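Construct the entire structure; sequences and hints are all you get.
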Amino acid sequence: MATTTTAQAATPARQARNFPTAQVISLGLPTLVVLLFFVLPIVLIGIYSFYSINPETGLMQQDFTWANYERALTSPIYRNIFWRTLGIAALATGIALLLAYPIGYFIGAVVQPKYQGPLLLLVLIPFWTSYIIRTYAWIGILQSNGFLDSVLGWVPGLPTELLYSRAAVIIGFVHVFLPIMILPIYASARNLDKRYIEAAYDLGASPVKAFLRVVLPLTMPGVVAGIVLFFIPTFGSFVTPQFLGGTGEQMVGNIISEQFKEAFNWPFGAALSIIMTLVVVVAVTLFFRFADVEEIYGS
Amino acid sequence: MAESDVSIRRLYKRFGNLVAVDHVDLEVPSGAFVTFLGPSGCGKTTTLRMIGGFEHPDSGQILIKGEEMGNRPPHRRDTSMVFQNYALFPHMSVADNIGFGLRERKVPKSEIRERVQRMLELVELTGRGDRKPRQLSGGQQQRVALARSLVIEPTVLLLDEPLGALDLQLRKQMQIELKRIQQQVGITFIYVTHDQEEALTMSDRIVVMNDGRVEQEGDAEEIFENPRTRFVAEFMGAENVLDADVADRDGSSARLRIGTRELTLPKALPDGARTAAVVVRPEKVRMDVPDGWRGTVTDRVYKGATMSYLIRLDDGTIVNADVAHDDPAHRHDVGDEMMIAFRPEDIVVIPDTKGA
Amino acid sequence: MGAELRGGGMLLRIYTGLVYLFLFAPILVVALTSFNPSGRATIPNGLTTQWYSNLQEDERLIDALWTSLQIAVFTALIASLLGLMAAYGLSHFRFPGRGALQGFFYLPMLVPTVVSGIALLTWFGEIDLDTGFLTILIAHVIFALPFTLTIILTSFAGFDTRLEEAAQDLGATPFRAFRYITLPLVMPGVLGGALMAFTLSFDEFVLTFFVAGGGVQTLPLEIYNRIRYLLSPEINAIATIVMGFSIGVLLIGQIVVALRSRRAAEEPT
Numbered sequence: 001m002a003t004t005t006t007a008q009a010a011t012p013a014r015q016a017r018n019f020p021t022a023q024v025i026s027l028g029l030p031t032l033v034v035l036l037f038f039v040l041p042i043v044l045i046g047i048y049s050f051y052s053i054n055p056e057t058g059l060m061q062q063d064f065t066w067a068n069y070e071r072a073l074t075s076p077i078y079r080n081i082f083w084r085t086l087g088i089a090a091l092a093t094g095i096a097l098l099l100a101y102p103i104g105y106f107i108g109a110v111v112q113p114k115y116q117g118p119l120l121l122l123v124l125i126p127f128w129t130s131y132i133i134r135t136y137a138w139i140g141i142l143q144s145n146g147f148l149d150s151v152l153g154w155v156p157g158l159p160t161e162l163l164y165s166r167a168a169v170i171i172g173f174v175h176v177f178l179p180i181m182i183l184p185i186y187a188s189a190r191n192l193d194k195r196y197i198e199a200a201y202d203l204g205a206s207p208v209k210a211f212l213r214v215v216l217p218l219t220m221p222g223v224v225a226g227i228v229l230f231f232i233p234t235f236g237s238f239v240t241p242q243f244l245g246g247t248g249e250q251m252v253g254n255i256i257s258e259q260f261k262e263a264f265n266w267p268f269g270a271a272l273s274i275i276m277t278l279v280v281v282v283a284v285t286l287f288f289r290f291a292d293v294e295e296i297y298g299s
Numbered sequence: 001m002a003e004s005d006v007s008i009r010r011l012y013k014r015f016g017n018l019v020a021v022d023h024v025d026l027e028v029p030s031g032a033f034v035t036f037l038g039p040s041g042c043g044k045t046t047t048l049r050m051i052g053g054f055e056h057p058d059s060g061q062i063l064i065k066g067e068e069m070g071n072r073p074p075h076r077r078d079t080s081m082v083f084q085n086y087a088l089f090p091h092m093s094v095a096d097n098i099g100f101g102l103r104e105r106k107v108p109k110s111e112i113r114e115r116v117q118r119m120l121e122l123v124e125l126t127g128r129g130d131r132k133p134r135q136l137s138g139g140q141q142q143r144v145a146l147a148r149s150l151v152i153e154p155t156v157l158l159l160d161e162p163l164g165a166l167d168l169q170l171r172k173q174m175q176i177e178l179k180r181i182q183q184q185v186g187i188t189f190i191y192v193t194h195d196q197e198e199a200l201t202m203s204d205r206i207v208v209m210n211d212g213r214v215e216q217e218g219d220a221e222e223i224f225e226n227p228r229t230r231f232v233a234e235f236m237g238a239e240n241v242l243d244a245d246v247a248d249r250d251g252s253s254a255r256l257r258i259g260t261r262e263l264t265l266p267k268a269l270p271d272g273a274r275t276a277a278v279v280v281r282p283e284k285v286r287m288d289v290p291d292g293w294r295g296t297v298t299d300r301v302y303k304g305a306t307m308s309y310l311i312r313l314d315d316g317t318i319v320n321a322d323v324a325h326d327d328p329a330h331r332h333d334v335g336d337e338m339m340i341a342f343r344p345e346d347i348v349v350i351p352d353t354k355g356a
Numbered sequence: 001m002g003a004e005l006r007g008g009g010m011l012l013r014i015y016t017g018l019v020y021l022f023l024f025a026p027i028l029v030v031a032l033t034s035f036n037p038s039g040r041a042t043i044p045n046g047l048t049t050q051w052y053s054n055l056q057e058d059e060r061l062i063d064a065l066w067t068s069l070q071i072a073v074f075t076a077l078i079a080s081l082l083g084l085m086a087a088y089g090l091s092h093f094r095f096p097g098r099g100a101l102q103g104f105f106y107l108p109m110l111v112p113t114v115v116s117g118i119a120l121l122t123w124f125g126e127i128d129l130d131t132g133f134l135t136i137l138i139a140h141v142i143f144a145l146p147f148t149l150t151i152i153l154t155s156f157a158g159f160d161t162r163l164e165e166a167a168q169d170l171g172a173t174p175f176r177a178f179r180y181i182t183l184p185l186v187m188p189g190v191l192g193g194a195l196m197a198f199t200l201s202f203d204e205f206v207l208t209f210f211v212a213g214g215g216v217q218t219l220p221l222e223i224y225n226r227i228r229y230l231l232s233p234e235i236n237a238i239a240t241i242v243m244g245f246s247i248g249v250l251l252i253g254q255i256v257v258a259l260r261s262r263r264a265a266e267e268p269t
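Chains as they are written, first to last, in my numbering: chain A, 1 to 299; chain B, 1 to 356; chain C, 1 to 269.
Hints were generated in silico from the structure; no laboratory data involved. Quick caveat, the model's predicted, so the values are computed rather than measured. In this text, a Cβ means the ideal position worked out from N, Cα and C, and glycines have one as well. Heads up, a few of these hints could be off.
Claimed, not checked - Partial chain B-side listing against chain C, Cβ under 10 Å, derived:
no., residue
1, P29
2, T79
3, L88
4, M92
5, F100
6, R331
Claimed, not checked - One-sided excerpt, in silico: chain C residues whose CB lies under 7 Å from chain B:
no., residue
7, L81
8, R162
9, E165
10, Q168
11, D169
12, L170
13, G171
14, A172
15, T173
16, I181
17, P184
18, P188
This is how it looks when you write it as structure tokens:
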């Protein structure tokens, strides 16, 4: 009897120690929300991707088939679209990097600190305005007899019709997502200790060598973060190709959207989604591994 | 024993595999200035934090005014802590910082104002109540932290290396200041530091800790003059701690072998002791005796009032000896040879029973 | 070396200027076109506010704007509250798997929004939740949470948890310590997160496109539909207003931060 009483008396204190309520609530609720409205939905389309469509009724039936994946990966149409999507996203990312790096470096490491805030704000302003509207703006600029024509129409030899081309899609991507690439590059350039560059010069390095051996490696984490942040939304986009591209610029996002909004082949759309997600996850993982961000941060 | 404000019984705390506090027993007498002294990682801060309720003991008890604390949270304990970095609330004025505890206790506003005012006077910050903490110097911030804790009149005030961030001169000044305030308010202070000089200056009682255990407990003189363990002797800054073997003993005396010679001690040593540490203060080392340990002067340092010699004995032991610098009888150059000795009544012998 | 750098600096300056032009040109063209009597994106040969007056009678557009504002306000509230909770938990407790949990909250950033959108659409069908206001709100909260969490975590990084201990030590319950010490000190991060969530939600299109269903139109959806089906000149006017609004929110946020830090700097130390 006596021992039971002691044990009971000891329980609340011990529970309080093992399960601090503040910890359970503060972390539990957000976890639950993400689990319920993100993880489970993704798991669900994972399940759907193995379902099939009954060819007679057109209704979805719950079975287990690899047919959707097979179709997505072996059919030349979809394989082409995957490669095209990857190509467009990679090209846009590369061009964006060429634009973003000098700007990020300029704001972070060259200008006086008092100008950093305003210049950064100027990068943020476009980022802070609607994606749809900014993409729409390019229609007006690039279409024939559009703004570009009205400004540069007198220059001979310029292509007059840029809209509905791959160039238009890439311009759209670069414009829309450039700020999110500039920000991490700026951040790593700002944290760059200028004494390293001075030391490199002091040791006889040319500006080019100093850049390649010192500046670039030290800003690598920002570059990697910028590439990842730019690549993910570009790869998954469907609005930009829809607005700015022709039929030849359809990307995986458009096909997925179509399966759910028009063709009503959810299992196939789900399989495409899973493949797209895997491509992004693998690309991001490989990229982080390749760039060895941990090591750069560590040193 | 005098009335205890804090009683600690078999207190034990582990972090992972590391035993931070290892079955500590302690009584803190009412109104005393008690210092937990020891190197970092000795368990002094963990013990303090357990008294304050910030950590919970794995086993053992803490009683405050005879009441068992268990896992009672900090806000329901009659203790108050002055943090190492002061932990002043940066978004509140000095007066609001000091009044915080009173507001939590639903003390009427007019009384809060009055008591905050009195505290500002006590810590000599009158007129600074409207400032924000960051507008004050380190020493002033320290006083605000003290006032904030004192104003709620805790049974015990806990101080976690509160002077650590101050420069040496300010630290010395604050030591005296702290002692004055403690005597004025009469509240029990438990003070944690790794600085033995600070401990000696302020404390009524010193608790020397090492590896989670209490090495020795006593007043400043006792700890300094009669260290009971080799660790205490060395931590309190003893310059000569010599290794000795117990060569022979009987009920009332013992013979110790130190290096090449022996010395007879007119008191008994505990049964288990085969070796011992011998502590001798540099000024008690007698130089140029006719018969003693032979040694060579390896270094000589002028210290103002004294001249300090480093002497290497034949077995390699280094002994530090201080003599008045203007004493021509004991003037030596580096390389000189001589005999040194110590009187049995001038040395402290710490028998090592563990090594037996 | 100095001259070399200066020459490089000049090139860099010009380059930066051109990139800024590239970033702002589309925004400016839309704004310009909104005042162009021809309604086309060309160099205007006059100015008109006709397209703006047309908006006043456009009830669909006004309804959509109202819906977007409501969703954005709720998203800001909920996402910053959840972000605050998660940031508090992540910065206060040490436990195995803490880093993994933080990564878990960032998962929605890793998955393309098209995929999140169709996943949510499928899920809402599965749990029989009718698409509409609530489903849009849920989608926006999930989308905004990683951003609010990041911003609020930054606030907590500069927060000394000993301040909470000090407050509790002085008699405050853990809740009151949070309310009077922690919350005021991380408030800038919470407000910044809320502002970010508001804008993200207000401009969000892809997720909304999938989870809106037929009944509820947000402003970006309405704009999308008009761009797609009937290129009406009023779009430029509403687009200019929306951009002006978003930029206004951003600038107000920046000004508040600037004033705060100036006030802090002005106090003598």
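Hint-by-hint comparison with the structure:
1. At a threshold of 10 Å, the smallest CB-CB gap from P29(B) to chain C is about 23 Å, leaving the interface hint violated.
2. Interface hint status for T79(B): upheld, as the beta-carbon distance to the closest one in chain C is roughly 7 Å, under 10 Å.
3. With 10 Å as the threshold, the beta carbon of L88(B) comes within range of chain C, its nearest partner Cβ sitting at about 8 Å, so the hint holds.
4. Evaluation of the M92(B) hint against chain C yields a held restraint, the C-beta minimum of about 9 Å falling below 10 Å.
5. A least Cβ separation of about 5 Å between F100(B) and chain C falls short of the 10 Å threshold, and the interface hint therefore holds.
6. Hint status for R331(B) relative to chain C: violated, with the closest Cβ pair at about 55 Å, above 10 Å.
7. Interface hint status for L81(C): violated, as the beta-carbon distance to the closest one in chain B is roughly 21 Å, over 7 Å.
8. Because the beta carbon of R162(C) sits about 4 Å from the nearest beta carbon in chain B, less than 7 Å, this interface hint is met.
9. Interface hint at E165(C): satisfied, since its Cβ lies 6 Å from the closest Cβ of chain B, which is below the 7 Å cut-off.
10. Checking Q168(C) against chain B by beta carbon gives a least distance of about 4 Å; that is within 7 Å, so the hint holds.
11. The criterion of a C-beta within 7 Å of any C-beta in chain B is met by D169(C), whose closest approach is roughly 5 Å, and the hint holds.
12. Interface restraint check for L170(C): the shortest CB-CB distance to chain B comes to about 4 Å, inside 7 Å, so the restraint holds.
13. At about 4 Å, the closest approach between the beta carbon of G171(C) and any beta carbon in chain B falls short of 7 Å, and the interface hint on this residue holds.
14. Evaluation of the A172(C) hint against chain B yields a held restraint, the C-beta minimum of about 5 Å falling below 7 Å.
15. The criterion of a C-beta within 7 Å of any C-beta in chain B is met by T173(C), whose closest approach is roughly 6 Å, and the hint holds.
16. At a threshold of 7 Å, the smallest CB-CB gap from I181(C) to chain B is about 6 Å, leaving the interface hint in force.
17. Interface restraint check: P184(C) against chain B, minimum CB-CB distance 5 Å, threshold 7 Å, status holds.
18. For P188(C), the suggested interface contact is broken, since its CB lies about 11 Å from the closest CB of chain B, more than 7 Å.
In summary, the numbered hints that this structure violates are 1, 6, 7, 18.
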